[in-house]
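In the order they appear, the protein sequences are chains H and L. Per this note's numbering, numbering through the first sequence is continuous, rising by one, with the last residue being 87. Per this note's numbering, numbering through the second sequence is continuous, rising by one, with the last residue being 227.
Just to be clear, a hint being listed does not mean it is correct.
[Claimed, not checked] Derived lysine to aspartate or glutamate pairs resembling EDC-like cross-links, with alpha carbons at most 20 Å apart: (1) Lys194(L) to Glu144(L); (2) Lys16(H) to Glu37(L); (3) Lys46(H) to Asp55(L); (4) Lys2(L) to Asp43(L); (5) Lys2(L) to Asp55(L); (6) Lys70(H) to Glu151(L); (7) Lys2(L) to Asp35(L); (8) Lys16(H) to Glu144(L); (9) Lys16(H) to Glu40(H); (10) Lys46(H) to Glu83(H); (11) Lys194(L) to Asp123(L); (12) Lys6(H) to Glu56(H); (13) Lys46(H) to Glu78(H); (14) Lys16(H) to Glu69(H); (15) Lys46(H) to Asp21(H); (16) Lys16(H) to Asp150(L); (17) Lys70(H) to Glu83(H); (18) Lys46(H) to Glu144(L); (19) Lys70(H) to Asp49(H); (20) Lys70(H) to Asp70(L); (21) Lys6(H) to Asp49(H); (22) Lys70(H) to Glu51(H); (23) Lys22(L) to Asp210(L); (24) Lys46(H) to Glu28(H); (25) Lys16(H) to Asp210(L); (26) Lys25(H) to Glu144(L); (27) Lys6(H) to Glu58(H).
Simulated from the structure, these hints should not be mistaken for lab results.
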Amino acid sequence: MTNPTKIRARVTVTLKNGVLDPQGKAIESALTSLGVEGVEGVRQGKLFDIELAPAEAERARELLTAACEKLLANTVIENYRIELVEG
Amino acid sequence: MKAAVIVFPGSNREGDVARALKQAGADVTTVWHADTELPPGTDLAVLPGGFSYGDYLRCGAIAGRASVMDAVRAHAARGGLVLGICNGFQILCESGLLPGVLMRNAGLHFICRRQFLRVERNDTAFTRAYAAGQAIDVAIAHGEGNYVADEETLARLEGDGRVAFRYADRDGAVTPAANPNGSLNNIAGIYSEKLNVLGLMPHPENLIDDLVGGTDGRGLFQSLLAA
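Isolated chain H, as found in the complex (with noise of 0.2 Å):
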């Protein structure tokens, strides 16, 4: 019989189409001006890898959605995307 494992999730955040990014700006004519050709787009985004106490998918599902409406994302102008990795 195999010990139910923990969960590993990552939460992408990321803002939504249409809003300013200037970090994003900067980093894009940072690449260019370092010689990097081709860039046509930057947006700049925040990756979480978060760790859970075993539990089924769904409710961890459920978790870490409340996780990014609470803190992880300030919806105005954040998208979130959840990502599960057992183990």
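Since the structure of chain H is already known, use the hints to place chain L on it.
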């Protein structure tokens, strides 16, 4: 007037705002962020400037969810006065007490200098000592003061007269050149629906003494004391 200045880890302007409030005649107490109540009889809750929680995640995001903010929300819901300056404005937006978001300055730089504002209206608890349309000379010091809201929210704020201050030139003219950080409609501060909550990026508490070059900030605190 009993004022409660709320201190978060990383707040650093609580002393300045307390000095401005005391100068105007307020009784000032400080309240720690982990407290769950404001002192009995609090008329005004103040969220000072600084870098609460090191600006981790987003400016004001973690402070906006501190336990004391439930008490501040309840105070505001009862019609109590709330003032958020700089990081305090960011906290008010993150806590849902004011709409919109303060994003990274359009020019990316942290800006620390004097700045004129136009007082949009003088019939609120925060501005009665000023004249409507008056240009006041205060200070700004922020990296994330670029006020952004969706079109509908912006239209509602403008339509309901909820813009408190706009970035302006010394004559009170609101121009793109006078906008230091890219804020929509040059917005420097906004009110809640009932006009009892004010958030603003500039620091009126910096300009309360001739010793530092001006006293235009006093009016805000005098207004509150007259409230």
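Checked hints:
1. Lys194(L) to Glu144(L): violated (26 Å)
2. Lys16(H) to Glu37(L): Outside the cut-off at roughly 36 Å; violated.
3. Lys46(H) to Asp55(L): Judged against 20 Å, a Cα distance of about 14 Å means the pair holds.
4. Lys2(L) to Asp43(L): holds (5 Å)
5. Lys2(L) to Asp55(L): Measuring from Cα to Cα gives roughly 29 Å; hence the hint is violated.
6. Lys70(H) to Glu151(L): violated (23 Å)
7. Lys2(L) to Asp35(L): Roughly 17 Å between the alpha carbons, so the hint for Lys2(L) and Asp35(L) holds.
8. Lys16(H) to Glu144(L): Satisfied, since the Cα-Cα distance of roughly 18 Å is no more than 20 Å.
9. Lys16(H) to Glu40(H): holds (18 Å)
10. Lys46(H) to Glu83(H): Satisfied, since the Cα-Cα distance of roughly 14 Å is no more than 20 Å.
11. Lys194(L) to Asp123(L): holds (12 Å)
12. Lys6(H) to Glu56(H): Within the cut-off at roughly 10 Å; holds.
13. Lys46(H) to Glu78(H): holds (10 Å)
14. Lys16(H) to Glu69(H): holds (15 Å)
15. Lys46(H) to Asp21(H): Judged against 20 Å, a Cα distance of about 13 Å means the pair holds.
16. Lys16(H) to Asp150(L): OK: Lys16(H) and Asp150(L) at ~12 Å, within 20 Å.
17. Lys70(H) to Glu83(H): holds (18 Å)
18. Lys46(H) to Glu144(L): holds (17 Å)
19. Lys70(H) to Asp49(H): holds (17 Å)
20. Lys70(H) to Asp70(L): The hint holds at about 14 Å.
21. Lys6(H) to Asp49(H): holds (13 Å)
22. Lys70(H) to Glu51(H): Judged against 20 Å, a Cα distance of about 17 Å means the pair holds.
23. Lys22(L) to Asp210(L): Holds, because 16 Å separates the two Cα atoms, which is no more than 20 Å.
24. Lys46(H) to Glu28(H): holds (17 Å)
25. Lys16(H) to Asp210(L): With Cα atoms ~45 Å apart, Lys16(H) and Asp210(L) exceed 20 Å; violated.
26. Lys25(H) to Glu144(L): Given pair Lys25(H), Glu144(L) holds - Cα atoms ~16 Å apart, limit 20 Å.
27. Lys6(H) to Glu58(H): OK: Lys6(H) and Glu58(H) at ~14 Å, within 20 Å.
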